Amino acid sequence: MSAGATIRREAVPVVFGVACLLALVALIEVLIRAGLINPFIVPKPSDIVMSFERIIMEENILPRFFLTCGEALMASLMLSVAGISIGVLLHKSRIVRLATETWIAAVASAPLVLMYPLFLVIFGRSAWTIIMIAFVAALPPVILKTLEGLSSTRPVLIDVGRSFKLTPSQLYWKILFPSALPTIFVGVRLGMIFALINIVGVEFLINFGGLGQLVNELAERYDLPGTYAAICFVILVSVLFFIGTERIERWLRPGT
Amino acid sequence: MAQTGHLTRVPAAADEPWLNPVTRLRIIILVAIIGTWELVAASGWLLRDVVPSILTIGRALTELLGHPDLKVTLAGHALWIPAFYWHLYVTISEVVVALVIGGTTGLAIGLLLGANPFLAKAFERFLYYLGPTPKIVFFPVMIMWFGVGPESKIAMGTMSCFFPIVLSAAAGMRQIESVLIRVGRSFRLNTWQMVTKIYLPAMREPIVNGVRLGMGVAMIGTLLAETKLSNKGIGFMVIDAYNTFDMPRMYAVLLTLFVIAIGANTLVGRASRG
Chain R
1 MSAGATIRRE AVPVVFGVAC LLALVALIEV LIRAGLINPF IVPKPSDIVM
51 SFERIIMEEN ILPRFFLTCG EALMASLMLS VAGISIGVLL HKSRIVRLAT
101 ETWIAAVASA PLVLMYPLFL VIFGRSAWTI IMIAFVAALP PVILKTLEGL
151 SSTRPVLIDV GRSFKLTPSQ LYWKILFPSA LPTIFVGVRL GMIFALINIV
201 GVEFLINFGG LGQLVNELAE RYDLPGTYAA ICFVILVSVL FFIGTERIER
251 WLRPGT
Chain U
1001 MAQTGHLTRV PAAADEPWLN PVTRLRIIIL VAIIGTWELV AASGWLLRDV
1051 VPSILTIGRA LTELLGHPDL KVTLAGHALW IPAFYWHLYV TISEVVVALV
1101 IGGTTGLAIG LLLGANPFLA KAFERFLYYL GPTPKIVFFP VMIMWFGVGP
1151 ESKIAMGTMS CFFPIVLSAA AGMRQIESVL IRVGRSFRLN TWQMVTKIYL
1201 PAMREPIVNG VRLGMGVAMI GTLLAETKLS NKGIGFMVID AYNTFDMPRM
1251 YAVLLTLFVI AIGANTLVGR ASRG
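Sequence lines, in order, name chains R and U.
Per my numbering, the first sequence runs over residues 1 to 256.
Per my numbering, the second sequence runs over residues 1001 to 1274.
No lab work stands behind these hints, which were simulated from the structure alone.
Since the structure is predicted, the reported quantities are computational estimates derived from the model, not experimental observations.
Don't be surprised by glycine CBs; every beta carbon is placed ideally from N, CA and C.
Treat the hints loosely; a few may be bogus.
Chain U is nowhere near these chain R residues, computed Cβ spacing over 12 angstroms in every case [to be verified]: (1) 93; (2) 97; (3) 127; (4) 170.
Simulated restraints on C-beta separations [what the hints assert, rightly or not]: (5) 1086(U) / 26(R): 42 to 48 angstroms; (6) 40(R) / 1263(U): 41 to 47 angstroms; (7) 1034(U) / 207(R): 44 to 50 angstroms; (8) 41(R) / 1066(U): 40 to 46 angstroms.
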């Protein structure tokens, strides 16, 4: 009984939120049909829903989706390898860390993605431009979080390792790394999210590749319902990506 | 004699911070980077224009910041100024307006969500999941809604900075110690007084942090929008340098922009601690 009541208490606000969203969509539909909102600026939500099928069937959305995913995967792999290794190296050499950590933090706050024209010149209008810009723009958080994870290892764990006379490499692989892993994954996840944002963004800006280009193309064709549907699809993909990586993060950090 | 020199040098090294090992390493790293850059520039391993010599970039930088090539009329007087400052003014004003709009709405909605658990459960999830989506794909829609002028760039910046600010305001509100709220209630403060005397001062750190994050993404949103479709602003300057293949100029613009962005970020970061 009380469990049922708790579930109901939890469910009411969620249902209310979704209901409000649906009501808003319905209101927009009504306003457009009544002529209060210009349908050439905001298409009818029903048209957007209808055009989903069209963009899936006619605009090769699956290959585009896989292309964007592939780019994101490649960038994430590069990010994890480079970011974690640089983090580990900086952790090993205290003086290099002291000299460069503030620089890395400063670089992290610069709008690095704006370098995409530079990358266009270096890599051409290819998938590599997109992957590299995502990699560069998302690298600093991975390095910083790896460093943070490694340096926040509880001293008692390191002492235990020492008392077992672990070699430095054993100490690293048996103690430091496993204890830092959850924090490192927070960094990798942040990096992956940054990478996905930048990949879709640069695809849109240079009109090349996967989902970002789809939005650009449909907008240039002035296919309004299609553009809105493609934007919804991009949001859907990034929300799913966000939830998926969040699940992994929770799994790595049980109890928090 | 050598001994005396040695004796006087050691305390100097200990006293003066610029000689400490970290600073020395920093100088070495910088020299190494500059040296490698110059080597690559001189060797022609990469296209010469992709890695221009530092001197060329320096010249482009002085021209960018010092060569007056734009006529403006200020209070009836015709002035020649470097066009960069005008573009910078355009971008900064777009980012500031975006921050004001996105920041106030974000703060207001964040406070509301933080104060009301029901609304938070109903709506915060949407904001939380929409936060990390790539906002730039909304740009075609923003152009249709607000036109091709600065308004659509402001809209992009507003959209970008709204999410981090609303989420940190809501989270910050929830972490206020309940004793502060009880003190306010026992003084019979009204809602406005509660907001200005209790909530906002207690939430300074999360709010400033949200504004700092928001400023970063507002800048990115505005600048990227400028590179896509615009005829003014720093984003336009970058893409214009690309279109005319003026790489030293592009480096100069990017360098200046990064220095400004990092500086602004540091300043706002200080405000949360100070």
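We went through each hint and held it up to the structure:
1. At the 12 angstroms boundary, the C-beta of residue 93(R) falls inside the reach of chain U, the nearest C-beta of that chain being 10 angstroms off.
2. Under the 12 angstroms C-beta cut-off, the non-interface status given to residue 97(R) relative to chain U is violated; the minimum distance is some 9 angstroms.
3. At roughly 17 angstroms, the least C-beta separation between residue 127(R) and chain U is larger than 12 angstroms, which holds for a residue marked as non-interface.
4. Against the 12 angstroms criterion, residue 170(R) stays outside the reach of chain U, whose nearest CB is about 29 angstroms from its own CB.
5. Between residue 1086(U) and residue 26(R) the CB atoms are about 46 angstroms apart, so this pair conforms to the stated range of 42 to 48 angstroms.
6. Between residue 40(R) and residue 1263(U) the beta carbons are some 43 angstroms apart, a value that agrees with the proposed interval 41 to 47 angstroms.
7. In this structure the supplied range 44 to 50 angstroms is violated for residue 1034(U) paired with residue 207(R), their Cβ-Cβ distance being about 36 angstroms.
8. Taken as a hint, the range 40 to 46 angstroms holds for the pair residue 41(R) and residue 1066(U), whose Cβ atoms sit roughly 44 angstroms apart.
Violation of the numbered hints given earlier is confined to hints 1, 2 and 7; the remaining hints are satisfied by the structure.
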